[in-house]
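We have chain S already, so just place chain U on it with the hints.
Protein sequence lines, in the order shown, are assigned to chains S and U. To convert, note that position 386 of the first sequence is 389 in the working numbering; the numbers rise steadily by one, no gaps. To convert, note that position 9 of the second sequence is 10 in the working numbering; the numbers rise steadily by one, no gaps.
No lab work stands behind these hints, which were simulated from the structure alone. Some hints could be false.
[What the hints assert, rightly or not] Here are the simulated BS3-like cross-link-like pairs (lysine-lysine), alpha carbons at most 27 angstroms apart as the crow flies:
1) LYS49(U) / LYS77(U)
2) LYS77(U) / LYS148(U)
3) LYS569(S) / LYS653(S)
4) LYS420(S) / LYS150(U)
5) LYS412(S) / LYS19(U)
6) LYS348(S) / LYS19(U)
7) LYS653(S) / LYS147(U)
8) LYS408(S) / LYS348(S)
9) LYS499(S) / LYS147(U)
10) LYS363(S) / LYS19(U)
11) LYS19(U) / LYS519(S)
12) LYS28(U) / LYS408(S)
13) LYS408(S) / LYS19(U)
Owing to the predicted nature of the structure, the values given are computational and were not obtained by experimental measurement.
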Amino acid sequence: MAFYVEVAAHIQQLYLSQDANEIKHLQHQLQQVQKSPEAHILAKHLLTSPIPSVRYFGALTYTVYINQYRGLGWDHFRPLVTDMQLFIWEQLRTGTSNWNVIKKLLSGLSLLYIQFYKSGYETPVESLMAGGSGQIVTWDQFNSESKDVWQLLFTFLQILVEEIIRAEPDSKIHEYVQNHIYSVLNGLFGQQLQCHSIDLQLTNLECLNSWIPYFTFAESNSNVRYPDLNLILDYCLQESSSLDLDKLQVSVKAMANLTEILEGNRAVISEPYRNTLAHNLFEGFGIDFIKQIILSDDKQDYEEEITAFVSLVMAYLDLDILKLARDFLSPQNQVILNILLELVKIDLGYNDRVSDQLLKFWEDLANVFFGDDEVLRNYHKVNYSGFVRERNNLFAKLTTIYWSKSVIKPQLYEEYKTEIHDFRRQVADFFIVAYELLGMELYHILSNSVLNSLIGLNTLAENEQEEENIWKLEGSLWLLYMITDDLTFYETGVSKGLQDDIINLLNNGLIQTVYKLRFSSRNLNPIIFSTLLKFTSSISFVYLLPDASYHLQSILEMLFGFSLEKGLDLSLIASKTLLTICLSSRSILIPYLGDFETSTFQIIDDTTMDPLIVQRMVNAYISIALAVKDPSRFGMIILNLLQKIESAFKVPPENFTSEELYYEYHSLMPSLVFQMAKASNLPGEPHDFYTKDQIVVVDTYWQTDILQIKSFILHLVGQFSLVDQKLAYDASITEKCCQILKSGLNEVVDGPCKFPISYCADYLSTKIESCDQNSLPYLYELVQAIVDSNYKALTSSELELVLNKVFLEKSTQLMSDSDSIQTVVELFASILERKPSLVIHLYMMSIVLADFALPSITANETLTLRSGMKFWNAMITLRRGSQQDQQRAREMITEIGPSLTKNLMTGFIGTTRSNLEIFYPVFRNLIAKYQLQMKEWLQDVLIQLKKFDQTKIDTFIKRLLLTRGQHACNQILKEFWLETNGLVDYSSR
Amino acid sequence: MSSLSKTRLQEERKQWRKDHPFGFYAKPIRDKDGGLDLSQWTAGIPGKTDTIWAGATYPITITFPEEYPSKPPKIKFPEHFYHPNVYPSGTICLSILNEEQDWRPAITLKQIVLGIQELLTNPNPESPAQEPAWKAYQKDRATYIKKVKEQAKKYVNTV
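This is chain S alone, in the form it adopts within the complex:
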C-alpha cells in the first residue's frame, strides 16, 4: 500500500514541479513503473484516488501496459476490460466523471479491441453498454435518459475508429467493424435524430467527423464497402440547416461533415440528396445564412461559420463541375452563379475568406471551360458564340471584382502582408487562366486601367493625386506582369495586340511616371517599384521592336537609378532586371554602351556597393559590348575595364575604415574579371552569333592579341592570387582565378579568355607553391577542365608536366590529409573515365593507387568514399582504354588486388547501411573482370579477418562468384553485411 501512496505522491509532484531535472527524474521513475508486469494492478489502485491527475495517470498506465504486454492473451486482459468498464460507469453514476480520464480509458479499450476483435472482444460497444456486468446488450435493447451515457457511447465510437486509423491494423478488422460496430452506430443514431441537446449534438457530430474519414480508410484498405450513408447524411443535413445563433456551432460541424462526405465519399450522394443539398444551399437555409450571417454587421465574428458554409458550397459545386460549365446558362445554375457572384462582391476586408475560397472554384471552372472546350463546343454547336459571349461576360465580371480586391490598401499592408501576397498570387493564377478565355480583352482592360491611373498622375499636381490611384496602377501592372511572364514561359511569340498595349503603356510614360514617384514626398511602399521592375523584365521582347526601342533610355535610367540605391532589395531586383534585359536585348543596347561604361566604372569605384550588383553590372556591360561584333572595339572596351579593375585593386588600405572592408573590396576584383570572362563567351552556337567572315576576323584578332589582353588578364590573376599573402591563401580567390582561366577553355571562337594550356599550366605550377589545402580542389578542377576541353589533342607527356607539379612533387604532403586524398582520387578518376591513356602509363599511377586510392575506400567520409569507388570503377572497367591501356591496368590491378580486396572488404563491413550502394559496383566489376583472382583474394582476406568459419567463407564466395557480377550480387553482399554486423533487414519484411 505504501508503494501506491508513494507513486501517487510522485504523480502529484510531477504535475506541480517547476524543476526540469526533477521532472525528468520523476518521469523516468514513473515510466519504469508503468512498464512493469504489475502495472495494471497499480493502474486499478490509482483510479480509485480522489485526485484527478492521479486517476488520469492510472488510465494512462493501463494504456502503457496494454501496449507493453500485447503478446498476452485475451484471458489475461478480459478482467482488465471489466475493471475499466466498471470504473467508467462508476464515474458516470457518482457524477464525478472526468472526461479526460474516461477518454483515456476508452482509448485503452480501443487498443484492446484492435488486438482481440476476432477472439473475445468482438462487440466492445455493446459490452460497454452492459455497464460492466459482463452481459451483452444490443443497441435496440438499449435505452437511457442520461445525456452522459449517450455522450459516453458516441465518444467511444469516435475513439474506436480514430485508434484503428492510427494503428493501421490488418484489413480483416474492417469487416468486424462493419458487422459489429457500424450497425451499433447506425442504430444509436437512429435514436438520436430527435435529440435537442446541443452538447450531445456536438458529440454526435464529432463522432461522425471521425467515422467519415474512417469509411474512406476502410474502403481503401480492405474489400469492405459503405455504399449507403443515408442515416448519417440525414442527420448532418438536419443539423446543418439551423440558423439558431445558439446552435451555430452545431451547424458548422454538420456542414464540415457534409463537406467531408462530398469530398471523400461522393459516390454515396444520390440524386435526391444532391437536390436536397442544392435546395438547402441556394434556396432555403443558404439564402438566410447569407443574409443573416455573411451580410450581417457582425460578419467578422463568424469567420468559422462562413468558411464552413463556403467550403460546403464549393464541395457541392465540385461534384460535377463539367456539367455545371456545360449548363451554366440553365435557370437553376444561373441562380447559383449569381449567388456566388454576390458572395464574391461582399467586402469582408483583408481576411476575406469567402472570395479567397471561391477563387479556387472560379479557377477550376475557368480551367474546365478552357480544357474541355471541345466537349462544350460540340454540346453548344447551335449557338456556340452565344455560349462563349455569356461565359466571357461572367469572367469579365469576376476579373473586375477580383482586380478590385487585389489592389493594395497601404494602411493595412504591414498587418496583413503575408495574406495579401498570398491572395494576390492566387488572383494572378486566376487571371492567367481567365486570359486563356478572354484573351486580349482582359489584357486591354488591365492596360487601360494602368493608362487611366497614369493620366491622373501625369495631369495632377502631387498634392492633388490620390494615393489610391497609384495602388490601382500597381494592381493592374502586377497582373499584367504575371500574365506576360506566364505567356513568355515557353519563349513563344506574343500577339501584335499585346505588343501594342505594352508599347502604348511605354508611350504614355509608364516608366518615367512611376519612377518619378520614388522622389515624391510620399513615403510609398517599395512594392510599386518592385512591380514596375518585374514588369519591365517580363516585357523584354518588345525592346527589340522599333516602336519600343527608344524607351530604352528611360528604362536604363530607372534601372541604373534603382541599382545604385544602397541597402535595399530594390537594388538587387533592379540589377537582376538590368542583366536580364541586357542578355535578351544586347544588340539593341549597343548605342548605350557609353552609359553602361560610365555607370559600371562609377559602381566599381564605389567601395560600399553590394558586390552582387557590381558583378551583374560588369556582366551586363560586357554582354552588350560583345554584340558589337567588332573585335577591335570589344578589345578596347575589355582593356579599359581591366585597367579600371586593376586600379581599383590598387586602392590602398587607408581608403577603408577596416581591414575587413579592404579585403572584401579587393576580393571582388577577381569576381569582376570572371564576370567579364563569362560575358565574353558566345551566348550560343558561333554561327548563330557571327557570320563566317566575322568568325575569321575575331579569331585572327584574338590570336594576334595586339593589346596583349590575355597577358594582362594573367597578370591580374597573378596579382590577385599570388602577391598578397592573405589573398593568396584565400581559397575563394583561388576559386575565382581558376574560374577565369577555365571560362574560355570550351570556346570555339577565340576570345580574351581562351588561354593556351601552357598559360594555365604555368599558373598551376606557381600557384601550387603558395596556397593551402583549401585551394587544392579548385586547382585540380582546373586540371580537370583542361583535360575535359582538350583531351583529344592533349598528350600524356603534356599532362605529366602539370601533374608532376601539382601532384607528384607534393604527394607526400597530400597523402597525409584526408581531404587532399579525396581531391587527388577524384581528379585521377575523372581522367581515367575521360581518356585513360593520359595517365595509366605514368609512373605516378602506382603512387595514386597505393597511397591515395587504396586508403580512400576505408575512409569514413562519404565524399572520399564515393571518389575512391569512382576511381576503382574507372580503373577496373577502363571503358575508354586501348588494348595497351587495358594490359597496363590489368597488371596494376593484379599486383594490388590482395590489398584492394582487403581494403574493400574491411571498408564494406565497417561502413554504414546508407553507404552500401557505393560499394556494390566495385565488387561487381572485380567479380566480372577478375573472377579467378577475386576468388583467391577473397579467400585470403576473409581468413585473415578471422571472423568467419571456412564453410561460411566458401558459401559466400561461391554465391558471389556465381552472380558473375550481375545485379544479384548486391543482395548477397547486403545479406553478408547484415549478418556480419548482427543486423536485420526490416525493409524486406
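Structure of chain U alone, referenced to chain S:
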C-alpha cells in the same frame, strides 16, 4: 499520366490551395497549349526567418513520375545551388524523397516543401551531395555562412 497519379495530383493541388504554409508557393505549369501539366510544378521555398537563409525565396521544380505516388517526385533547385545536400545538378538529396529510404505515398506536397525548408537550415552531414558546400559546412562554417548569404541575395524576396 496514370489516372491514379492524376487523381492524387489533383487532390494535392486542391489541398495546397486550401491550406499551404505562408510564404510558399506551388503550382503546376501550363503546357504550350495553355492547359495545366500536373506532372510539372514550380514552387518557392522561403528561407526561415532569423536564419542565414532568410529574406529569399528559393525556386524549385517538381517533377512527378508516372508512378507517383508509389514513387516520389524529383525536386530540383537551380543548377549549382549551394547546399551540402543538393547535387551540382540541383537535385535534392532528402530521405523523404528517396524511394529506397523514407518516401511513403501518403507524404503530401506540403510536408515535402516544409521538409526542404527545414533541410535548408539543417543540412544532413551524413548525405553530402556536393563538395564545396559540404566541406565548408563541416570544416569552415564562416565561409559557408558567407556563401549562403551571397546566394540569398540572388533569390531575394521580390514581393
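Status of each hint after checking the structure:
1. Only pairs whose Cα atoms come within 27 angstroms are accepted, and LYS49(U) paired with LYS77(U) is accepted, the gap being roughly 19 angstroms.
2. Under the criterion of a C-alpha separation no larger than 27 angstroms, the hint pairing LYS77(U) with LYS148(U) is consistent with the structure, at around 19 angstroms.
3. Between LYS569(S) and LYS653(S) the CA atoms are separated by roughly 24 angstroms; this keeps the pair inside 27 angstroms, and the hint holds.
4. Between LYS420(S) and LYS150(U), the direct Cα distance comes to roughly 24 angstroms. Compliance with the 27 angstroms bound is thereby established for this hinted pair.
5. The hinted pair formed by LYS412(S) and LYS19(U) meets the criterion: a straight-line CA distance of about 24 angstroms does not exceed 27 angstroms.
6. For the hint linking LYS348(S) to LYS19(U), the alpha-carbon distance of about 20 angstroms falls within 27 angstroms, and the restraint holds.
7. This hinted pair checks out: LYS653(S) and LYS147(U) have alpha carbons roughly 24 angstroms apart, not beyond 27 angstroms.
8. Under the criterion of a C-alpha separation no larger than 27 angstroms, the hint pairing LYS408(S) with LYS348(S) is consistent with the structure, at around 9 angstroms.
9. Among the hinted pairs, LYS499(S) with LYS147(U) is inconsistent with the structure: their alpha-carbon atoms are about 46 angstroms apart, more than 27 angstroms.
10. As the CA atoms of LYS363(S) and LYS19(U) are separated by approximately 8 angstroms, the hinted pair is consistent with the 27 angstroms bound.
11. Restraint check: the Cα-Cα separation between LYS19(U) and LYS519(S) comes to about 40 angstroms, which exceeds 27 angstroms; the hinted pair is violated.
12. With a CA separation close to 22 angstroms, the supplied pair LYS28(U) and LYS408(S) stays within the 27 angstroms bound.
13. For the hint pairing LYS408(S) with LYS19(U), the CA-to-CA distance comes to about 19 angstroms; that is within 27 angstroms, so the pair holds.
Violated hints, listed in ascending order, are 9 and 11; each of the other numbered hints is respected by the structure.
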